[in-house]
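Peer 1: Sequence:
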Amino acid sequence: MSAPLLALLDGSIVDVAHPIVRADDLGVVRGDGVFDATLVRRAPDGSGRVRDTEAHLDRLERSAAILQLPAPDRDGYRRAIDALVAAWDFAAAPEAIIRLVLTRGPESGGDATAFALMAPLGASAIAEREHGVAVTLLGRGHDGDEVAAMPWLLPGAKSLSYSINMAAKRHATAHGFDDVVFVSPAGLLLEGPTSTLVVERGGRLLTPRQDGILASITLEHLMRDAPRAGLEVAFEALTPDDLRGADGAWLLSSGRLLARVTSVDGHALPTSSLDERLRRLLDV
Numbered sequence: 520m521s522a523p524l525l526a527l528l529d530g531s532i533v534d535v536a537h538p539i540v541r542a543d544d545l546g547v548v549r550g551d552g553v554f555d556a557t558l559v560r561r562a563p564d565g566s567g568r569v570r571d572t573e574a575h576l577d578r579l580e581r582s583a584a585i586l587q588l589p590a591p592d593r594d595g596y597r598r599a600i601d602a603l604v605a606a607w608d609f610a611a612a613p614e615a616i617i618r619l620v621l622t623r624g625p626e627s628g629g630d631a632t633a634f635a636l637m638a639p640l641g642a643s644a645i646a647e648r649e650h651g652v653a654v655t656l657l658g659r660g661h662d663g664d665e666v667a668a669m670p671w672l673l674p675g676a677k678s679l680s681y682s683i684n685m686a687a688k689r690h691a692t693a694h695g696f697d698d699v700v701f702v703s704p705a706g707l708l709l710e711g712p713t714s715t716l717v718v719e720r721g722g723r724l725l726t727p728r729q730d731g732i733l734a735s736i737t738l739e740h741l742m743r744d745a746p747r748a749g750l751e752v753a754f755e756a757l758t759p760d761d762l763r764g765a766d767g768a769w770l771l772s773s774g775r776l777l778a779r780v781t782s783v784d785g786h787a788l789p790t791s792s793l794d795e796r797l798r799r800l801l802d803v
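Under the working numbering, think of the first position of the sequence shown as 520, with each following residue one higher.
These are computed hints drawn from the structure, not numbers from a lab.
Keep in mind that a hint or two might mislead.
Heads up, simulated SDA-like pairs for lysine to any residue below, C-alpha to C-alpha not over 20 Å straight-line [to be verified]:
#, residue 1, residue 2
1, K688, S678
2, K688, A646
3, K688, V783
4, K688, I645
5, K688, L733
6, K688, G658
7, K688, T655
8, K688, G785
Now the in silico label distances, taken between C-beta atoms and shown as ranges [as the list claims (entries may be wrong)]:
#, residue 1, residue 2, range
9, D592, H537, 16 to 22 Å
10, D766, G641, 28 to 34 Å
11, I645, A536, 23 to 29 Å
12, R798, D664, 31 to 37 Å
13, E649, G628, 46 to 52 Å
14, S531, R568, 43 to 49 Å
Yeah, the Cβ is synthetic: ideal placement off N, Cα and C, and Gly gets one too.
Can you build the whole structure from these sequences, using the hints too?
Peer 2: Spelled out as structure tokens, the structure:
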């Protein structure tokens with residue numbers, strides 16, 4: 520298993536144990552920053568192939584704008600990505616995640632902190648991609664359209680303030696589940712802590728409306744490529760009963776790509792007849 524690699528925006532590789540963030544960095548003390556993450560896979564020639572670099576830089580830029588952070592140095596992040604991929608041992612770890620991080624910098628003032636971190640894709644993500652996930656439904660405490668109208672709640676930003684998302688996943692694990700789908704107070708399905716929900720109903724692929732939900736690059740792939748495979752993907756207001764009564768369902772994310780939902784709060788879901796087609800579409 521490869522050890523994590525750290526790159527700065529000048530393209531230099533730094534020992535991951537070497538401190539590059541100050542103790543008073545606002546990304547550390549307040550979670551005041553943004554990140555994005557993309558999958559890197561070993562190509563047939565043994566090199567690394569980064570998935571959707573520009574789309575992830577676009578989303579990092581949008582997140583930074585929502586938090587009123589400096590615009591990310593796109594060329595610098597590209598240099599960091601190239602350096603990480605060139606240094607990575609793809610024989611030891613054929614799949615990895617690169618996280619692009621940008622914080623507001625030291626509380627006492629100074630430049631923003633920016634770096635890229637590469638680490639092997641976790642074994643659990645690979646297992647969930649192959650075998651599916653058992654999910655539980657948890658309340659999120661606010662409706663998507665309400666959040667969309669409140670910019671101070673950072674709708675659509677992939678911020679470093681991920682403690683609630685991680686707490687939800689720990690709660691799920693402690694109760695025998697693999698992952699979570701959030702539900703709004705109005706009873707509508709939203710998203711997972713690190714994923715987007717898609718359900719199949721009668722051959723149609725449906726996903727929750729995007730109000731207050733982080734835009735999913737994997738979902739964008741699916742929506743772009745589905746028509747040529749004879750599939751339809753649509754946004755729709757979905758309830759827990761829609762999920763429990765679905766012909767199949769999946770969680771989409773940049774690392775796992777596609778994980779079939781096997782059950783919802785112990786209620787078994789069927790495997791969709793479209794599962795293999797979606798796996799081919801998303802190059803799972």
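Peer 1: Taking the hints in turn, state whether each one holds.
Peer 2: Against the structure, the hints:
| no. | hint | verdict |
| --- | --- | --- |
| 1 | K688 to S678 | holds (17 Å) |
| 2 | K688 to A646 | holds (16 Å) |
| 3 | K688 to V783 | holds (14 Å) |
| 4 | K688 to I645 | holds (17 Å) |
| 5 | K688 to L733 | holds (17 Å) |
| 6 | K688 to G658 | holds (13 Å) |
| 7 | K688 to T655 | holds (10 Å) |
| 8 | K688 to G785 | holds (16 Å) |
| 9 | D592 to H537: 16 to 22 Å | holds (21 Å) |
| 10 | D766 to G641: 28 to 34 Å | holds (29 Å) |
| 11 | I645 to A536: 23 to 29 Å | holds (26 Å) |
| 12 | R798 to D664: 31 to 37 Å | holds (32 Å) |
| 13 | E649 to G628: 46 to 52 Å | holds (48 Å) |
| 14 | S531 to R568: 43 to 49 Å | violated (23 Å) |
In this structure, the one hint that does not hold is number 14.
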